[in-house]
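Protein chains in written order, with this note's numbering: chain A, 1 to 259; chain U, 1001 to 1057.
It should be emphasised that the hints constitute simulated quantities derived from the structure, not laboratory data.
Small disclaimer: the values here were computed from a predicted structure and weren't measured.
It cannot be assumed that every hint is accurate.
Stated by the list, open to error - With a straight-line Cα cutoff of 27 Å, these simulated DSSO-like cross-link-like pairs (lysine-lysine) come out: (1) U:K1048 / A:K119; (2) U:K1048 / U:K1037; (3) A:K238 / A:K90; (4) A:K119 / U:K1037; (5) A:K90 / U:K1037.
Given next are the chains, with one letter for each unit.
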Amino acid sequence: MNRLTLWFHRIGSPPTFYRIAGALAPWCFGVAIVLGAVALYGGLVVAPRDYQQGDAYRIIFVHVPCAWMSLFAYIFLAVNAFIALVWRIKLSEVLAMASAPIGAAFTFITLVSGSLWGKPMWGTYWTWDARLTSELVLLFLYLGVIGLHHAIEDRRQAARAASFLALIGIVNVPIVHFSVNWWNTLHQGSTVRLMGESHITGDMVWPLLVMALATHIWFFGSLFARARVGLLELEGGKDWAREIALADVARETTVAAHG
Amino acid sequence: MADFLSMGGYGAYLWPSYAVFVIVLAIDALAPRWRRKRVLGEIRGRLKRREARGATP
């Protein structure tokens, strides 16, 4: 085994990952909250009013980063689901299952904020347009993965079955992304482009990008926190998990004693 | 201030969408804490039952 594989195996061992993730998660949450606050200030105060949509366009600063995250989380879920199915790596099963509820949360925010944006701009909260419908299907896929994972008693079999469902669902990701180009939708096309010029001014784009960075970091904070619990659940019979469970109750009684 | 809150008349759409964003992500951060408490309690419960049966852990 070469050094890289060795390193990978060490990181991937549940107690080691549990420790590292525990050290990283609070930092992720902290940095994400600070960046998020900066982005909200930029979006609500600094960015100028849109000439056409007035102040309503400011919904973009939560809607678009969450929409990006809804796809990012699904790709992360599918990659880990693939690794879990092919190489049967326990950590990948845990990471895949941990990313599903976070993705569902971002998808939910995308749908709600989008519909609140649609009412004043399009005159309707909802329309069965390709972008909106495929994003709703994305939410159902997340809920399906979570539901299947909860429905099967054996935790590892449950994770593998849900991973399989997640892999089938990956066809929906390009449909969501390209729906505004493939079909004539009410939803507008991309505003921010990686290649070529964005259709948005600098004062508006920086809060958007800072918020996108904040939500990505938040995703990893939540992922680490959730993966830690997933590992504890999966390895509940092992010594390292028992030690943590016993230390936890010892700490609680100390806090209670010292008031 | 009132001007800021009204958001050019779009406050009724803007603020709820920001509220949903903050509330849903707050729940997202708290959910693993609640589940962690439950999982650790379950592990301790299994240990206790095992001790009660007199088996070596």
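Given the hinted pair A:K119 and U:K1037, is their alpha-carbon gap at most 27 Å? 41 Å, violated
Is U:K1048 close enough to A:K119, meaning Cα to Cα at most 27 Å? The given pair, whose Cα atoms are some 56 Å apart, is violated under the 27 Å limit.
Straight-line alpha-carbon gap A:K238 to A:K90, limit 27 Å: 14 Å, holds
Pairwise hint evaluation, U:K1037 against U:K1048, where the allowed Cα distance is 27 Å at most: Status holds; Cα separation ~16 Å.
Hinted pair, alpha-carbon criterion (27 Å max): A:K90, U:K1037. Please report holds or violated. Distance of about 22 Å is within 27 Å: holds.
The structure is inconsistent with the numbered hints 1, 4, although it conforms to all the rest.
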